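S.K.: Residue numbers (this note's numbering), protein chains in the order written: chain B, 1 to 265; chain X, 1 to 265; chain D, 1 to 265; chain F, 1 to 265; chain Y, 1 to 265.
No lab work stands behind these hints, which were simulated from the structure alone.
Treat the hints loosely; a few may be bogus.
To be verified - Keeping only pairs whose Cα atoms sit at most 27 Å apart, straight-line, the calculated DSS-like set for lysine-lysine is:
1) Y:K168 with B:K168
2) B:K196 with X:K134
3) X:K133 with B:K196
4) Y:K146 with Y:K134
5) Y:K234 with B:K134
6) D:K234 with X:K234
7) Y:K120 with F:K54
8) Y:K120 with D:K54
9) D:K234 with F:K201
10) F:K168 with D:K234
11) F:K234 with Y:K134
12) X:K236 with D:K168
13) D:K168 with D:K201
14) F:K158 with Y:K134
15) D:K196 with F:K134
16) Y:K54 with X:K120
17) X:K168 with B:K168
18) X:K168 with B:K201
19) D:K54 with D:K120
20) B:K120 with X:K120
21) F:K168 with D:K168
22) Y:K236 with F:K236
23) Y:K234 with B:K234
24) X:K168 with D:K168
25) X:K234 with D:K201
26) X:K234 with B:K234
27) F:K54 with Y:K54
28) B:K77 with Y:K158
29) D:K54 with X:K120
30) D:K146 with D:K234
31) X:K120 with B:K54
32) B:K234 with X:K134
33) D:K168 with X:K234
Computed from a prediction, not measured in an experiment: that's the story for all the values here.
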Amino acid sequence: MIFSVSVLMRFLVLVVVGLVTVPAGEAADRDKLLSEPGIYGTFAAFSLDADWAKQDQTIRIAQLTVLKGVVEQHREKLAIDTYLLRGLSDRADVLFRIHATELRETQQFLLDLQGSPFGKHLNTAGLMHGLTKKANYVPGLPDNLKAELKTPSEPGPKPYVIVIPIRKDAEWWSLSQEQRATMMQEHTEASLPYTKTVKRKLYHSTGLDDLDFITYFETSRLEDFQSLILALEKVKEFRHNRRFGHPTLLGTVTSLDEIIEVLAQ
Amino acid sequence: MIFSVSVLMRFLVLVVVGLVTVPAGEAADRDKLLSEPGIYGTFAAFSLDADWAKQDQTIRIAQLTVLKGVVEQHREKLAIDTYLLRGLSDRADVLFRIHATELRETQQFLLDLQGSPFGKHLNTAGLMHGLTKKANYVPGLPDNLKAELKTPSEPGPKPYVIVIPIRKDAEWWSLSQEQRATMMQEHTEASLPYTKTVKRKLYHSTGLDDLDFITYFETSRLEDFQSLILALEKVKEFRHNRRFGHPTLLGTVTSLDEIIEVLAQ
Amino acid sequence: MIFSVSVLMRFLVLVVVGLVTVPAGEAADRDKLLSEPGIYGTFAAFSLDADWAKQDQTIRIAQLTVLKGVVEQHREKLAIDTYLLRGLSDRADVLFRIHATELRETQQFLLDLQGSPFGKHLNTAGLMHGLTKKANYVPGLPDNLKAELKTPSEPGPKPYVIVIPIRKDAEWWSLSQEQRATMMQEHTEASLPYTKTVKRKLYHSTGLDDLDFITYFETSRLEDFQSLILALEKVKEFRHNRRFGHPTLLGTVTSLDEIIEVLAQ
Amino acid sequence: MIFSVSVLMRFLVLVVVGLVTVPAGEAADRDKLLSEPGIYGTFAAFSLDADWAKQDQTIRIAQLTVLKGVVEQHREKLAIDTYLLRGLSDRADVLFRIHATELRETQQFLLDLQGSPFGKHLNTAGLMHGLTKKANYVPGLPDNLKAELKTPSEPGPKPYVIVIPIRKDAEWWSLSQEQRATMMQEHTEASLPYTKTVKRKLYHSTGLDDLDFITYFETSRLEDFQSLILALEKVKEFRHNRRFGHPTLLGTVTSLDEIIEVLAQ
Amino acid sequence: MIFSVSVLMRFLVLVVVGLVTVPAGEAADRDKLLSEPGIYGTFAAFSLDADWAKQDQTIRIAQLTVLKGVVEQHREKLAIDTYLLRGLSDRADVLFRIHATELRETQQFLLDLQGSPFGKHLNTAGLMHGLTKKANYVPGLPDNLKAELKTPSEPGPKPYVIVIPIRKDAEWWSLSQEQRATMMQEHTEASLPYTKTVKRKLYHSTGLDDLDFITYFETSRLEDFQSLILALEKVKEFRHNRRFGHPTLLGTVTSLDEIIEVLAQ
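One chain only, chain B, in its complex shape:
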């Protein structure tokens, strides 16, 4: 059978890459980076160049092993998540989400990544930065809404990831804080039915990029996610989005080892 060789290789990749480990003692405080305000989140999407796939598999595996080393080394300071976009997005093959207290540390990681033998085959498809903040409008929400927002999302894997960059129009920023708060309350109410099945995170991009927000979603139920976006499109605040998506990135939450396995084939 034509696929038996690749099964063997899949096994080899797992063995070789599994040997790369980094002492766990100094790992970044991932929970803190993923939950606190004042953290910089970077979304770095890459596509592989045409030469990548034309190399011998042993060379590719060697390069992917170095990739794992680079990522593990920087996980001492950064929270790094990986996603597979290939097959679901036409813009890029892989996506890194990096949380850091300083963007310089993210830059150092990406410099090491792009400077590695694997990185020489990466084309940067997009780079977006945002800052986490305390929720702007939540303090003004009625108490019952606040309570509902605290409903944790259902446990279990949420394999799909969607990243939607947003730019507001000039009129939005010229509205008063109260006017924006009123619209955001309507926005929040529209999203409530989906808090259980769609996990969300918001990044403030203004000035760091040609965006105002990066919205990040995880779900196991894409149909619910679509209903959520349809609900959000119907509220007034949506009319102040000058850009929504373009690109919308759709992918799957995929560990670095799994990505390495896919790319080794």
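Got chain B sorted already, so can you dock chains X, D, F and Y onto it with the hints?
M.R.: Coordinates of chains X, D, F and Y only, in the frame set by chain B:
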């Protein structure tokens, strides 16, 4: 004559590729995937890189044989249709339409496709996803309209395929369900004269891509299709299309074996 | 002198390419294809890749000879016109205008063209399709206008060709037939002074491409053509053009043999 | 010193290229081409491909020598000016401005240029055509304005060149000739303070390209040029520019011999 | 450890590149160039081609050594600042900011840069020019505002750099000087809280590029910078920005030696 060699090769391709078969027992329930709501439809358009045509024909045939294997293997779970765009669209050479109950399975197919020796020559020209749903506005239509909509399209081959992505403007989504239903009734009435000769299928894209809808058409009479689009452009609902086409994909319904034959030359 | 070699080569090209002939008996009814309604017109613009010019001239001549064979063979069913864009348009080097009763036959020609050794050096710069129709608004015109429109253009060569794609805005299509007819009468009157020196042909593209019309012009007097366009820009109908050009293709009517001669150098 | 070799080469280039001369007797009537109405002006901007700089310097010098021959040969019929854009514009490296009585002659020059060994390294970055005309609105200007417009620009070299393409909006063309004349008088008055230090020339592009005008400027004082543009942006007519620049080309007036010297390094 | 070799190389680069020095006596009056009006500022962003990283490290170091020589040589006349964009911007890898009294001198530097062995691997990602001027609106500001504006920014390194190009809409330029001054006073007041932690510099681009302004920022506190931009988005003047960013360039102030070190790896 300069074309006699290619005739021989055409024969060889048919013989070699014909040997690739997959036990039919486990094929996906194609009818169900193509008719039910809650199914994900993916349109994946590819162009071939410059190196493809410069390879020896024997190498190309070997790679195309693997392509057939990859497609047949995934047909156990997916409904996969193929179209030839080259010569009619300037964006891409081939188009796959994939129906699946889960987008992850579509991703796995495209990963295997792009990871195959043939896939290394594919550039992704576009990737669009949509979800099939029960018709939103049909329940509110008058009974005679409902009946007319059920007219099956004429039997016989419909060789031409047209795919038109659509994005509605923000105003559309801020209208009430009744206002949208009224406009959709006018839209539906305008399309009735063409139900017999133009087959249509609708996919809901919101959130999965930078689109709201993917509209899919098959016809043997392009002139009727043009009249249909002209009729649709004249109704009010059309003014709420922020994007219509861009790209419009035009191609021919072409079996995988025929596509392999064209690409082998 | 540095150019003497190329003079000799020019002679050789003419001799070699002249040997490719096809029995004339089965040629398509060119007059019919170029004058009747219900005919599909395709504009296929190509640029040559960087490798083309780096090949030996003998190889290029061999490939151009096959090109001639491919075109002549398809002239049995199609009317194929050729234009040289290089030096006048920055989008493409050559343009084919193909008239067919079925777009599938045009697709077959372009598949054979792109599959030929010469075609492997072609990048598709643009592909536009349109359908010829009986003039929509002419029946409602006053008789004197109808008569003037019938004035044949002056005989003699019209070396320059201009192709301008047009997309109307949504408002245009929402106007009544009468409103559009009134505006088209003003449009027609504005164009009358140029019927003698500028030959025009119209193709309806809606649905086949991201256009509504392809307008095609031939002239020996570009200054008159410019005056014609300026006159058309001043009428009300022009304000309903969402897209006009982009690209405007400017080239010269050039026989296939002359194009082969240019590309052989 | 690392630059001493390039000094020697600079000398060699000057010697070799200086040997290419063409009998001066048949040169085009440059003054006429540059001053009369009814002349076609073409702006052809090119960038050099990545292979150019990787060739041996002797090969590059040989190719540049042929370039000089091609230009000199066509100067019999055409007025050809050259500009260096590299280092000031990001779109292209060199710019040719070609004046001709017939665009076919310009096409023949560009065909010979692109067909030469040097031309095989050129990528066309942009091609714009325009026609010189008698000043449209000047006849209606008050006498004192007419007199001021005749002030010749100060003698002496004007090393900087700026080319700004312009497209008017549909409303502009729908205004009456009087309305446009009134606005153009305001435009003209705003530009008067700069007639001495900024030399201007206007080309009418409508229909020949996706533009209405090409405006050409030469100056030794870029600060004055900036003041001129700021003054023009403040008049009513400016609001009818749908496109202004995009690209703005900025470069230096550079003789062909100087360009050859730069490219030989 | 896999990174030990690169540590050695980092040392070697520092030693080799350190040997390139230029007599300091003739250095440009950097302070004057960075503070006076009437100075041309050029922002030249480059990305490295795919071949760069595939060269042997010794070759790369040799080429970077020449790069240092080219920059040092031109520092006699120009003020040249360098920034690392890679890892923070997806448009380019390095950015040069060049201040000159004449743009021709900047052009000469960039010609030498691009003509050097290192420069053959540079793709120009963007080139923007602006002119420094006396502050337009400051004379009309109330005295207390003038005083506050003079507050020097806090001492200490400001590692982050942000460059935002701006184009005003046509309406802005048609306003009276008083109307613009009123809006600029509101703009200035909004920016005052950030004068200590965000350093700003303004360049006037009109006519030199497809921009009106280039705004340049340095800060050690990106969060403050984001607050500054949010504050500026809320004033009326912001609504007259037709383009703001696109691209926004984000990078780190990085000496030439440090950039060489990064690129040598």
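S.K.: The structure should be examined with respect to each hint, and the outcome stated for every one.
M.R.: Okay, the hints, checked on the actual structure:
no., hint, verdict
1, Y:K168 with B:K168, "18 Å, holds"
2, B:K196 with X:K134, "24 Å, holds"
3, X:K133 with B:K196, "22 Å, holds"
4, Y:K146 with Y:K134, "14 Å, holds"
5, Y:K234 with B:K134, "20 Å, holds"
6, D:K234 with X:K234, "25 Å, holds"
7, Y:K120 with F:K54, "8 Å, holds"
8, Y:K120 with D:K54, "21 Å, holds"
9, D:K234 with F:K201, "25 Å, holds"
10, F:K168 with D:K234, "12 Å, holds"
11, F:K234 with Y:K134, "20 Å, holds"
12, X:K236 with D:K168, "15 Å, holds"
13, D:K168 with D:K201, "18 Å, holds"
14, F:K158 with Y:K134, "26 Å, holds"
15, D:K196 with F:K134, "24 Å, holds"
16, Y:K54 with X:K120, "21 Å, holds"
17, X:K168 with B:K168, "18 Å, holds"
18, X:K168 with B:K201, "26 Å, holds"
19, D:K54 with D:K120, "14 Å, holds"
20, B:K120 with X:K120, "18 Å, holds"
21, F:K168 with D:K168, "18 Å, holds"
22, Y:K236 with F:K236, "22 Å, holds"
23, Y:K234 with B:K234, "25 Å, holds"
24, X:K168 with D:K168, "18 Å, holds"
25, X:K234 with D:K201, "25 Å, holds"
26, X:K234 with B:K234, "25 Å, holds"
27, F:K54 with Y:K54, "15 Å, holds"
28, B:K77 with Y:K158, "22 Å, holds"
29, D:K54 with X:K120, "26 Å, holds"
30, D:K146 with D:K234, "22 Å, holds"
31, X:K120 with B:K54, "8 Å, holds"
32, B:K234 with X:K134, "20 Å, holds"
33, D:K168 with X:K234, "12 Å, holds"
Checked against the numbered hints listed earlier, the structure breaks none of them; every hint is satisfied.
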